[in-house]
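A.B. asks: This is what each chain is made of:
Protein chains: 2
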Amino acid sequence: MKVTKLKDIAQLLGISVTTVSKALKDYPDISEETKQNVRVLAEKLNYKPSSLAVNFRNKETKILGLIIPEIVHYFFSNVIDGIINEAEKMGYLVITLQSNESFELEQKQIELLLDQRVDGIIISLSNQTKTFDHLKKVIRQETPMVIIDRITDEINCSKVIIDDEKAAYQAVEHLIKIGCKRIVHINGPLIPKNSMDRLIGYKKALADYNIPYDDSLVYSCEQFHYQDGIDAANQALKDHNDIDGIFAITDLLATGAMTALKNHGKRIPEDVSVIGFSNWRLSELITPSLSTVEQPNFEMGKQAVSLLLNEIKARKEEKMIENFLVKLPTKLIERASTKPTVKANPS
Amino acid sequence: MKVTKLKDIAQLLGISVTTVSKALKDYPDISEETKQNVRVLAEKLNYKPSSLAVNFRNKETKILGLIIPEIVHYFFSNVIDGIINEAEKMGYLVITLQSNESFELEQKQIELLLDQRVDGIIISLSNQTKTFDHLKKVIRQETPMVIIDRITDEINCSKVIIDDEKAAYQAVEHLIKIGCKRIVHINGPLIPKNSMDRLIGYKKALADYNIPYDDSLVYSCEQFHYQDGIDAANQALKDHNDIDGIFAITDLLATGAMTALKNHGKRIPEDVSVIGFSNWRLSELITPSLSTVEQPNFEMGKQAVSLLLNEIKARKEEKMIENFLVKLPTKLIERASTKPTVKANPS
DNA sequence: CTGAAAGCGCTTACAG
DNA sequence: CTGAAAGCGCTTACAG
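These protein sequence lines map, in sequence, to chains A and B.
Using the numbering used here, read the first sequence as starting at 1 and increasing by one per residue.
Using the numbering used here, read the second sequence as starting at 1001 and increasing by one per residue.
Bear in mind the hints are in silico, worked out from the structure with no lab data behind them.
There may be inaccurate statements among the hints.
[As the list claims (entries may be wrong)] Derived lysine-lysine pairs resembling PhoX-like cross-links, with alpha carbons at most 25 Å apart:
id, chain 1, residue 1, chain 2, residue 2
1, B, K1108, A, K5
2, A, K25, B, K1059
3, A, K137, B, K1002
4, A, K2, B, K1313
5, A, K62, B, K1108
6, B, K1108, A, K48
7, B, K1316, A, K48
8, A, K48, B, K1136
9, B, K1266, A, K262
10, B, K1062, A, K108
11, B, K1062, A, K89
12, B, K1108, A, K302
13, B, K1339, A, K262
14, B, K1044, A, K108
15, B, K1005, A, K137
16, B, K1089, A, K137
17, B, K1137, A, K2
18, A, K339, B, K1262
19, A, K262, B, K1262
20, B, K1266, B, K1339
21, B, K1059, A, K7
22, B, K1137, A, K48
23, B, K1007, A, K137
24, A, K108, B, K1089
25, B, K1062, A, K2
26, B, K1062, A, K5
27, B, K1048, A, K62
28, A, K137, B, K1044
29, A, K2, B, K1319
30, A, K316, B, K1002
31, B, K1193, B, K1166
32, A, K137, B, K1062
33, B, K1181, B, K1204
34, A, K59, B, K1002
35, B, K1048, B, K1059
36, A, K44, B, K1137
37, A, K266, B, K1262
38, B, K1108, A, K89
39, A, K59, B, K1062
40, B, K1002, A, K62
Throw the hints in and build the complete structure from the sequences for me.
C.D. replies: The following block contains the structure:
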């Protein structure tokens, strides 16, 4: 089937391409009659402006680029969800790429997106990203960009994150309130800011409740795998005989920790309460169900798009570009792994 | 920073745009010296052809469209992964959309992708899709398309699926071989072909091992939620007192069924063996770990892209378009929920 | 109210 | 070996 173009309509109607174009865009200087004729014929021929031509003309693609470390993660796939949805609502489509936590891929993908001339970029940094020339290039080329979740202070642009410090604080406070006094913290590499902020929240909660901070209770995993959680908890049980709570930086680490606790004959939550972070799907399916911190992942995607489109608009209108740092609140989810009733009785 | 274009290079070198263009594309009729000059300057000015202009000229976008029911599902996010990776390798980027299992959204998204003039479309149908005019339109417009996983016979194009029948057969055969004789089958709505094919595999395995088919052992869930699995298993336990195996069409349903079994005091696998389908992340983390069928989701995405690009190429060369149906093999994963050793002893 | 013309940045058939 | 010209499909400032 041949695709209809303006010229086809113009020829059939015996008028100029200019007039057809204007009629379809409802210019005020075209007669109602002509507009009618054009509209009817365009409808009949199923005319759709060629986005190829329109984009070229307008120097915009109506496409956003998105780089995510790993799509398969529950957290990120929800963020993507939020981004695609919101973008679609605003008339943009999204090209999604995943860096696979590789710095090199991330660099390459930035290039791909710039080459493709996307109207804006949303990125969450890979774990390995420690230099930022590729992002500086984006800024230099004046392509609007928003960084989410895995951010850096080195780049000046809008960012959306969750309030990691406060979230961790709440999780630890929850453990303290149900009676925990020797709380292990299992975290990951401190490079992406998230881990660091959660550690700060952990410390602050302890301080506020007059529990001395003991750095031998903090275990840092190289990675975030199930096995790492098992290993960390095993080590903790070997090092200490009085732990009564575990706050892990990820639900998967917490799940591993629970497995280790069970293998050591510890009851959850009677002997040790456990709380994770992220509210993965599995967290309510394991036994006991895992308390955790829910992140507003969908909302994060939505906010990122909205910031990005604002910047795109501002640039078009040659207005001042303002950078924002949006911190989204989290929600504590109490489940069986930290039941207070049980904890209240003994001692 | 101003973006460099051919004209800039031409002016600086005092030659024509044509020559610059040809030099960069290594046309044989340009002198080595000119080529050198052009290349050096292009490099220096960081020249990148405007994809907007190139696409317009070539009438191709080097972008593929992808419509998936739900990104957040482990299965689909791996498929997406495979698609994006393979596409990137072949020089294509992917616009991902999700239909949210909504027929209306799916229709709208097809329109969006056609309007965007993507070079090809990969789609997995929503559960609600029962008419196919939107897909026929894609065919009519001669936009290459590949349907994956959730397919339909109504549309003539290449398709990639897993071999559902064989996979189900293997799962049920596994249960039979470890001694199960009264095997419950928990499935879903039979509309997408997958459920139907798995039911056929279930029946065939029973037949091959001389176990009579009893349709009161087949339970159909409206949806695929955790709770549906619980409900189905509860009902099965109420209806029958002799069941010794459960084959669920999804790991999540199987997980629900396991919860129901536990609540009824049944031991897994001693009293009832359970096997799921899909190999979700959670399946190896629950207790007991769940046997299941692993689908080649990444491979599926890869194959889909490869079929699609072949068709795109064939069309460009005005060759005959051939449609393929690729059936990918699955893999049985034996875990604790179907341990044979235990089963072998009693009776 | 209508239309001829220029232009977006590139590619390529053609002439010299 | 080089370059002028046409064209991809649209938009819009300008002339009439």
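A.B. asks: If a hint holds in the structure, say so; if it doesn't, say that too.
C.D. replies: Verification of the hints:
no.: 1; hint: K1108/B with K5/A; in the structure: holds, 22 Å
no.: 2; hint: K25/A with K1059/B; in the structure: holds, 24 Å
no.: 3; hint: K137/A with K1002/B; in the structure: holds, 12 Å
no.: 4; hint: K2/A with K1313/B; in the structure: holds, 19 Å
no.: 5; hint: K62/A with K1108/B; in the structure: holds, 17 Å
no.: 6; hint: K1108/B with K48/A; in the structure: holds, 14 Å
no.: 7; hint: K1316/B with K48/A; in the structure: holds, 22 Å
no.: 8; hint: K48/A with K1136/B; in the structure: holds, 18 Å
no.: 9; hint: K1266/B with K262/A; in the structure: holds, 21 Å
no.: 10; hint: K1062/B with K108/A; in the structure: holds, 17 Å
no.: 11; hint: K1062/B with K89/A; in the structure: holds, 24 Å
no.: 12; hint: K1108/B with K302/A; in the structure: holds, 20 Å
no.: 13; hint: K1339/B with K262/A; in the structure: holds, 21 Å
no.: 14; hint: K1044/B with K108/A; in the structure: holds, 19 Å
no.: 15; hint: K1005/B with K137/A; in the structure: holds, 18 Å
no.: 16; hint: K1089/B with K137/A; in the structure: holds, 23 Å
no.: 17; hint: K1137/B with K2/A; in the structure: holds, 13 Å
no.: 18; hint: K339/A with K1262/B; in the structure: holds, 21 Å
no.: 19; hint: K262/A with K1262/B; in the structure: holds, 18 Å
no.: 20; hint: K1266/B with K1339/B; in the structure: holds, 15 Å
no.: 21; hint: K1059/B with K7/A; in the structure: holds, 17 Å
no.: 22; hint: K1137/B with K48/A; in the structure: holds, 14 Å
no.: 23; hint: K1007/B with K137/A; in the structure: holds, 23 Å
no.: 24; hint: K108/A with K1089/B; in the structure: holds, 12 Å
no.: 25; hint: K1062/B with K2/A; in the structure: holds, 20 Å
no.: 26; hint: K1062/B with K5/A; in the structure: holds, 21 Å
no.: 27; hint: K1048/B with K62/A; in the structure: holds, 20 Å
no.: 28; hint: K137/A with K1044/B; in the structure: holds, 15 Å
no.: 29; hint: K2/A with K1319/B; in the structure: holds, 18 Å
no.: 30; hint: K316/A with K1002/B; in the structure: holds, 15 Å
no.: 31; hint: K1193/B with K1166/B; in the structure: holds, 14 Å
no.: 32; hint: K137/A with K1062/B; in the structure: holds, 23 Å
no.: 33; hint: K1181/B with K1204/B; in the structure: holds, 14 Å
no.: 34; hint: K59/A with K1002/B; in the structure: holds, 14 Å
no.: 35; hint: K1048/B with K1059/B; in the structure: holds, 19 Å
no.: 36; hint: K44/A with K1137/B; in the structure: holds, 15 Å
no.: 37; hint: K266/A with K1262/B; in the structure: holds, 21 Å
no.: 38; hint: K1108/B with K89/A; in the structure: holds, 12 Å
no.: 39; hint: K59/A with K1062/B; in the structure: holds, 17 Å
no.: 40; hint: K1002/B with K62/A; in the structure: holds, 20 Å
Consistency with the previously given hints is maintained throughout, with no hint failing.
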